[in-house]
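Heads up: the protein sequence lines correspond to chains A and B, in order. So for the first sequence, this note's numbering puts the first residue at 373; every next one is plus one. So for the second sequence, this note's numbering puts the first residue at 417; every next one is plus one.
Simulated from the structure, these hints should not be mistaken for laboratory data. In this text the structure is predicted, and so the values were computed from the model without any measurement. The beta carbon of each residue, even a glycine, is placed where N, CA and C say it ideally should be. Please note that the accuracy of each hint is not assured.
Unchecked claim - Per label pair, the in silico range of CB-to-CB distance:
#1 B:SER421 / A:PRO482: 29 to 37 angstroms
#2 B:ALA469 / A:LYS374: 27 to 35 angstroms
#3 A:SER384 / B:GLN433: 36 to 44 angstroms
#4 B:GLY419 / A:LYS374: 29 to 37 angstroms
#5 B:ARG480 / A:LYS374: 22 to 30 angstroms
Said to hold, decoys possible - Derived BS3-like pairs (lysine-lysine); straight-line CA-CA distance at most 27 angstroms:
#6 A:LYS374 / A:LYS439
#7 A:LYS374 / B:LYS487
#8 A:LYS414 / B:LYS430
#9 A:LYS414 / B:LYS473
#10 B:LYS487 / B:LYS427
#11 A:LYS374 / A:LYS428
#12 B:LYS473 / B:LYS487
#13 B:LYS473 / B:LYS430
#14 A:LYS414 / B:LYS427
#15 A:LYS414 / A:LYS439
#16 A:LYS481 / A:LYS374
#17 A:LYS439 / A:LYS428
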Amino acid sequence: QKEVEQNSGPLSVPEGAIASLNCTYSDRGSQSFFWYRQYSGKSPELIMFIYSNGDKEDGRFTAQLNKASQYVSLLIRDSQPSDSATYLCAVNQGREDMRFGAGTRLTVKP
Amino acid sequence: DTGVSQDPRHKITKRGQNVTFRCDPISEHNRLYWYRQTLGQGPEFLTYFQNEAQLEKSRLLSDRFSAERPKGSFSTLEIQRTEQGDSAMYLCASSFAEGSYNEQFFGPGTRLTVL
Numbered sequence: 373q374k375e376v377e378q379n380s381g382p383l384s385v386p387e388g389a390i391a392s393l394n395c396t397y398s399d400r401g402s403q404s405f406f407w408y409r410q411y412s413g414k415s416p417e418l419i420m421f422i423y424s425n426g427d428k429e430d431g432r433f434t435a436q437l438n439k440a441s442q443y444v445s446l447l448i449r450d451s452q453p454s455d456s457a458t459y460l461c462a463v464n465q466g467r468e469d470m471r472f473g474a475g476t477r478l479t480v481k482p
Numbered sequence: 417d418t419g420v421s422q423d424p425r426h427k428i429t430k431r432g433q434n435v436t437f438r439c440d441p442i443s444e445h446n447r448l449y450w451y452r453q454t455l456g457q458g459p460e461f462l463t464y465f466q467n468e469a470q471l472e473k474s475r476l477l478s479d480r481f482s483a484e485r486p487k488g489s490f491s492t493l494e495i496q497r498t499e500q501g502d503s504a505m506y507l508c509a510s511s512f513a514e515g516s517y518n519e520q521f522f523g524p525g526t527r528l529t530v531l
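So here's chain A without its partners, still in its complex pose (with noise of 0.2 angstroms):
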């Protein structure tokens, strides 16, 4: 079992549209959660964090967390086509280095 797991995608979603993109891990003990941002041929960006169950609102992004269940999402609303990239998830499982998925990759299309 991979440590952070992510559907690869493609996820395509229509301009204005909600994007739901899901992440489990596997570490009980992951203290904290990431989602970066990276598109194509350029270095990873960070988008969100979260540490606590529950929902963190930034704009139109959500990012949503239950420990319970191991299992972080992020949610964008009202989708632009500039918001095509690839998603990653990234857990800090209580040591330095984080953990990243392989990314879901995301077009929206106009």
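Starting from the known structure of chain A, arrange chain B on it as the hints suggest.
Okay, now just chain B, sitting in the frame of chain A:
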């Protein structure tokens, strides 16, 4: 620009040659990380510094890889006797971390191609 910078951005080398990459973190950050990313995968942790001390190394990091962070500022990653399997994007990230909070910010990466 106060972000993480890396140099060079691209490096093409022949198998067996040595290469060195540099990373300059965000100035107030005390932690610096090296990751490697191959196509279709997320970044894989290689090593981590807190100030000038190298505190953790992945078992993925073979003896051909060495990293330094003299004076706790910039860092270098050297790969000796490169192999074709070393071709990847090498990413540096930095953070100012307290406790378990560790938001890491990445540089633009160095893309290595070993022929």
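Please flag the earlier hints that this structure goes against, numbers listed from lowest up. Violated: hints 7, 15, 16.
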